[in-house]
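Chemist: Got chain A sorted already, so can you dock chain B onto it with the hints?
As you go down the protein sequences, you meet chains A and B in turn. Sequential numbering of the first sequence, starting at 1, is according to my numbering. Sequential numbering of the second sequence, starting at 1001, is according to my numbering.
These are computed hints drawn from the structure, not numbers from a lab. It cannot be assumed that every hint is accurate.
[Unchecked claim] Cross-link-like lysine-lysine pairs, in silico, DSS-like; alpha carbons within 30 Å at most: (1) A:Lys-92 to B:Lys-1468; (2) B:Lys-1091 to B:Lys-1434; (3) A:Lys-92 to B:Lys-1473; (4) B:Lys-1087 to B:Lys-1434; (5) B:Lys-1091 to B:Lys-1007.
[What the hints assert, rightly or not] One-sided and incomplete, this derived list gives chain B residues near chain A with beta-carbon spacing under 7 Å: (6) Asn-1380; (7) Gly-1383; (8) Glu-1384; (9) Leu-1673; (10) Asn-1674; (11) Lys-1714; (12) Leu-1716; (13) Asn-1719; (14) Tyr-1720; (15) Val-1723; (16) Pro-1724; (17) Gly-1725; (18) Ala-1729; (19) Gly-1735; (20) Val-1737.
[Stated by the list, open to error] To list a few chain B residues with every Cβ distance to chain A over 10 Å, as calculated: (21) Lys-1119; (22) Glu-1259; (23) Ser-1454.
These numbers were taken from a predicted model, which means no experiment stands behind them. All residues carry an ideal CB built from backbone N, CA and C; glycine is no exception.
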Amino acid sequence: MSYAVKNLNEGDRELIAFRIGDQEFCVNIMSVREIRGWTPATAMPHSPAYMLGVINLRGAVLPIIDLAARLGMKPADPTARHVIIVAQVRRKVVGLLVDAVSDILTVTDETVQPTPEISSELERQFARGILAIDKRMICLIELESLFPETESEAA
Amino acid sequence: MDMNEIKEIFFQECEEQLAELESGLLKLNDGDRDPETVNAVFRAVHSIKGGAGAFGLDDLVAFAHVFETTLDCVRSNKLEPTQDVLKVMLKSADVLADLTNAARDGGSVDESRSRSLVKELEALANGELPSPSALAEAPAPKAAAKPVPAAAAPTAKPTDESGFQPVPFSFDDFGGEGDAGSGMPAYEIIFKPRYELYSKGNDATLLLRDLSRLGEMTIYCNTDDLPGLEELDPEGAYFFWNVTIKTDKGEDAIRTVFEFAEWDCELTVKPVEDARADATSNDELPMVPVPFDLSILDESGATEEVSASNARAEETAAAVAAAEIASNVTQLASAAARVEKKESAAAAAAAASAAAQNNAAAGAGQTIRVDLDRVDRLINLVGELVINQAMLSQSVIENDTTGTSSINMGLEELQQLTREIQDSVMAIRAQPVKPVFQRMSRIVREIADMTGKSIRLITEGENTEVDKTVIDKLAEPLTHMIRNAVDHGIETPEKRAAAGKNTEGTVRLTAKHRSGRILIELADDGAGINREKVRQKAIDNDLIPADSNLSDEEIDNLIFLPGFSTADKISDISGRGVGMDVVKRSIQALGGRINITSKPGHGSVFTMSLPLTLAVLDGMVVTVAGQTLVVPLTAIVETLQPEAAAIHSFGANHRLISIRNSFCPLVDVGRILNFRATQANPVEGVALLVESEGGGQRALMVDAIQGQRQVVIKSLEANYTHVPGIAAATILGDGRVALILDVDAVVGASRGQSLKAEMSLAAVG
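Here chain A stands alone, though its shape is the one from the complex (with noise of 0.2 Å):
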């Protein structure tokens, strides 16, 4: 693949698109580093329920998080054909696990739909838009809003 030769017009994003479940959500492909298949990670002691652990990344401790239960879904049973998406968000790496990558989609700021109007906070907090593409729907996530900046703590 080769990302390089696309010419990208001014307000066009690139988009990486993944499955959980039945559904299609979508993040910014700048902020994706790799795409991995699953390994067993190591259970942190006092995590949250979506984290699935630490698994190790070339030397680096990379925590694993399962984007299915964060987002307020059925959690995974993670099995070697799921995907570990490795982002970048501000300044950490961390390990999304979802069901399967689809595809990369090349799309213009006036593709992204507003957020409906739903009753969830917990999908709107997430939600930055959604995308119509050839009768598929997809949710565009702002990984940023999935880990909140609280760099005191972990600084």
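Modeler: Just chain B now, kept in the frame of chain A:
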């Protein structure tokens, strides 16, 4: 490279120069009279001044200048480096370090201190000299012209750099004869700058002006190389200078002037034999400064002895000649006596310089400065390589049944190579503890000054190497312990005299390697720990019950308890709210242990055992509730297999284990880390007896011990967050992450402090 980077390099170099300066002064203090040591000290201050000048750090330049001036008096033997003189100089070195730090970090410096030191330095420089201005201008001629009583002559007489003083001789008899420079060696200098000199912003004129301060100088500018206008490169270097200078400061001083330019010019300096011969014959002066070829200083000790004895012979001859024309008989006697004295001095100097050269040869090596980040990255990568290699070996062993294939042999070689690479990469970060030890000598001086005690710091094994991170973190606890030793440990001179001890107290700081760890020992010859007082204080502060029966060792260790200070009244030095408990904690945070042994009346010894590096940790790999954990080996006192009879229930859900008639709380690691809902059966597991910061023991229950291993420490905080009860993570041979247990936190949690910090959604960010 912008200005700030250049400045940063300058400050790094300053640090080295300051270290050099201090170690040189301390050597002088110990009686080393090697001119090379004096020169090194002088050079250090000179370089700092030069650099500071370039950056416009005026305060620093001003102070360094005064300091340098005084040092120059020592260098030219106008000032005897006595203990008193050196005391001022050591203080000046401290102030110079302060000023450098202030210039770097923008802090402030105690101005009254530097001002009074400037006065002292100036007084020292002036004390032995006729006038202050003579020092920078042309001190020698005036010194020669001024009538000096014969007895005072040795200190005021011009000498060369070798440390051999010319025969003491009154110039009274020859006053007015010859010119002012007579009797001084003359040098012919050819100074030919290259283009590079100018391109670096140096100026030949400035160098020549500096040179002129050394003595009487005639100068001739040679323009022979100047090409025609059409060939002239406006940025080229075409002029060169022939200089003849009469100076008593020797060839080295001349070369020092050109120190900053030595790579960028052609420089020849040679003594002019004729001029001196003329002077001698014309004036019939028997006193001829002994010609001394400085190059012999670079030869081995043996050659030096020979030259030294030659020099002595010449000196003796000169003395005899001097005596012949001396009308005064007593003068003859005193001259002869002094020659004898100097012979032994010369022999000592020769020996000292030989020793110094050996040191220099051992200590000097080629070094490069590397960004710490780069080294860390390399270390990380090598750690990865080691893990990968282990994984590869594992899979080859699993898949290969023949056992002797070439793959196996290749793997073995790879294993050896990776281990070697790991060792050498670790060695890159290793540094001698010397800089920390040197800082300590300053602290000893300051506190000794404040408390009016006389203290001698002896350091040993300062070339012992430890990881840089350990060195950085060692300074603080060590400073505190030295403060304690000087303030509380060592008695006042009066008390020492009364106890029949040397009034000068001794603090000995030793570093050595011992079985993969570094052992740092701090010993003082003070009064030792007053056990009765310590015990009473502990009882008063409710730290121990009044009727407790403690061994001497246990009482000594009480001083590590929080809130303990043995000083009757809080002094300026130690009353800062930090006690030995902080010291112990910071040592433990480094993965080290601290011990104390004390003999009443004979002093105390603090022994610290520290890991050589913080990047690696010796750990016990254990299994807890199906998870692999690593427990730092330093925390573990012993391991044992609990028997059912030894387990006692205590209250609703506490259990104690009896070990040699004492009861120790059992802590189920799996439970406390929330890995399981109920406590495991202790009889099925293994108990790790650990010692926590409070000194209390706990038995940590784990399911099984896998073995001991050295693990590379990885940060959890970098991508995750701090996890209560977990100190860090590591990667095991199978590529999986294992968590390193924070023993202190787990023990603390077992005392009832909650381990569960706010592990909210936010904390994952």
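Chemist: Look at each hint and say if it fits the structure.
Modeler: Status of the hints after comparison with the structure:
| no. | hint | result |
| --- | --- | --- |
| 1 | A:Lys-92 to B:Lys-1468 | holds, 26 Å |
| 2 | B:Lys-1091 to B:Lys-1434 | holds, 19 Å |
| 3 | A:Lys-92 to B:Lys-1473 | holds, 26 Å |
| 4 | B:Lys-1087 to B:Lys-1434 | holds, 21 Å |
| 5 | B:Lys-1091 to B:Lys-1007 | holds, 25 Å |
| 6 | Asn-1380 | holds, 5 Å |
| 7 | Gly-1383 | holds, 6 Å |
| 8 | Glu-1384 | holds, 4 Å |
| 9 | Leu-1673 | holds, 4 Å |
| 10 | Asn-1674 | holds, 5 Å |
| 11 | Lys-1714 | holds, 5 Å |
| 12 | Leu-1716 | holds, 6 Å |
| 13 | Asn-1719 | holds, 5 Å |
| 14 | Tyr-1720 | holds, 4 Å |
| 15 | Val-1723 | holds, 6 Å |
| 16 | Pro-1724 | holds, 6 Å |
| 17 | Gly-1725 | holds, 6 Å |
| 18 | Ala-1729 | holds, 5 Å |
| 19 | Gly-1735 | holds, 6 Å |
| 20 | Val-1737 | holds, 4 Å |
| 21 | Lys-1119 | holds, 48 Å |
| 22 | Glu-1259 | holds, 46 Å |
| 23 | Ser-1454 | holds, 47 Å |
Of the numbered hints given earlier, the model fails none.
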